[in-house]
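K.L.:
Assemble the whole structure, with the sequences as input and the hints as a guide.
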Amino acid sequence: MNTRFDSLDVVPAVPAWAMPRSAIENDVEAAYMAGSALNSLDNLVRSDAAWLGAWRHRMALKGAAAVVRLMGRRESESDLRDAWLLRTPGDDPGPAGNVLAAWRRLAGRSSAPGAASLASVAQQLGLGAGIDIDALAELVEAVPAGPAPLAAARMADAAVRIEPRAEPLAWWLADLALARHMRWAFPVPVLVTQIHSPLLRLGHDRVRARPGREGFGRACLVAAAAGAAEACKLAAGIAVRARRLEEVAPRLRSKGAGEVVRLLLDDDAVAGTLTTKALSRWGSRRLFDRLLQLDAARELSGRAAFRIFGL
Numbered sequence: 002m003n004t005r006f007d008s009l010d011v012v013p014a015v016p017a018w019a020m021p022r023s024a025i026e027n028d029v030e031a032a033y034m035a036g037s038a039l040n041s042l043d044n045l046v047r048s049d050a051a052w053l054g055a056w057r058h059r060m061a062l063k064g065a066a067a068v069v070r071l072m073g074r075r076e077s078e079s080d081l082r083d084a085w086l087l088r089t090p091g092d093d094p095g096p097a098g099n100v101l102a103a104w105r106r107l108a109g110r111s112s113a114p115g116a117a118s119l120a121s122v123a124q125q126l127g128l129g130a131g132i133d134i135d136a137l138a139e140l141v142e143a144v145p146a147g148p149a150p151l152a153a154a155r156m157a158d159a160a161v162r163i164e165p166r167a168e169p170l171a172w173w174l175a176d177l178a179l180a181r182h183m184r185w186a187f188p189v190p191v192l193v194t195q196i197h198s199p200l201l202r203l204g205h206d207r208v209r210a211r212p213g214r215e216g217f218g219r220a221c222l223v224a225a226a227a228g229a230a231e232a233c234k235l236a237a238g239i240a241v242r243a244r245r246l247e248e249v250a251p252r253l254r255s256k257g258a259g260e261v262v263r264l265l266l267d268d269d270a271v272a273g274t275l276t277t278k279a280l281s282r283w284g285s286r287r288l289f290d291r292l293l294q295l296d297a298a299r300e301l302s303g304r305a306a307f308r309i310f311g312l
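Sequential numbering from 2 applies to the sequence shown in the working numbering.
Worth flagging that the hints you see were computed from the coordinates, not collected in a lab. Among the clues, some could well be false.
What the hints assert, rightly or not - The calculated label-pair distances, taken between Cβ atoms and stated as ranges, are:
{"hint": "1", "residue 1": "Ser112", "residue 2": "Trp18", "range": "32 to 40 angstroms"}
{"hint": "2", "residue 1": "Ala186", "residue 2": "Gly259", "range": "18 to 26 angstroms"}
{"hint": "3", "residue 1": "Asp206", "residue 2": "Ser255", "range": "53 to 61 angstroms"}
{"hint": "4", "residue 1": "Leu87", "residue 2": "Ala130", "range": "28 to 36 angstroms"}
Backbone N, C-alpha and C fix where the C-beta goes; we use that ideal spot for every residue, glycine too.
P.N.:
Next comes the structure, spelled out in structure tokens:
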């Protein structure tokens with residue numbers, strides 16, 4: 002099996018002082034924390050770790066769960082994962098599953114979306130007909146200036162000015178703008194994961210920060226700091242399991258083992274019923290049982306049937 006592993010000796014961590022622990026009322030303090038946190042995250046994103054795909058898509062899952070809650074739905078991360086992985090190929094994953102699809106598209110894309118792609122994302126995020134896609138596409142082409150989190154905030158603000166119903170899409174565009182300002186090859190959903198954080202509640206009434214509202218720029222600075230800290234912590238856990246997978250990979254004798262290992266490194270999760278040209282459903286089950294036995298993968302669903310595996 003020829004799976005290539007590149008790894009980090011130490012996963013970058015955000016300094017403790019740059020992790021917001023209570024409401025930040027000072028723009029300078031928020032900017033300082035965001036800058037330090039994003040520096041750590043940038044070092045991670047620019048590494049050559051083989052498991053970055055799994056990490057980005059795990060972040061996409063977290064972002065999708067936050068947006069689903071924003072839309073008034075109740076699906077959890079596990080529900081979203083089920084909707085995505087347990088559907089028949091070609092089937093619509095449903096409203097919540099489509100939200101996950103939109104965030105997976107962000108985490109997997111290396112270029113800015115055109116009008117057609119943006120229209121598809123908007124539809125996945127629950128926006129129907131009648132929105133001004135051309136204006137939104139022009140907005141994407143003209144990324145606002147300034148520090149990355151503030152540029153992201155301006156992008157989201159502009160999106161809801163064009164289309165007041167577009168808050169879910171505004172967060173998607175904000176994370177896209179953040180990634181473009183950081184010059185990352187692939188975006189990482191960071192800001193969106195903090196939508197419901199108490200840290201993003203503003204004023205005496207502690208109302209949730211929203212695009213287009215006063216204070217949203219500072220909220221994005223805080224979201225960048227908190228989101229980067231959580232992203233680095235998540236990466237550290239995935240790295241440990243990826244190292245274990247690297248250790249045991251040479252001992253896997255199944256014909257399709259290499260492809261399964263690559264899928265585990267590239268994505269959030271893999272269905273236990275996976276079949277490939279080299280691997281039957283029965284062979285897949287035996288391989289995943291072996292990976293569990295070797296502590297090289299986790300079963301993520303908690304079920305005895307329709308199992309799902311990941312790092």
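K.L.:
The structure should be examined with respect to each hint, and the outcome stated for every one.
P.N.:
Verification of the hints:
no., hint, in the structure
1, Ser112 with Trp18: 32 to 40 angstroms, "36 angstroms, holds"
2, Ala186 with Gly259: 18 to 26 angstroms, "24 angstroms, holds"
3, Asp206 with Ser255: 53 to 61 angstroms, "58 angstroms, holds"
4, Leu87 with Ala130: 28 to 36 angstroms, "30 angstroms, holds"
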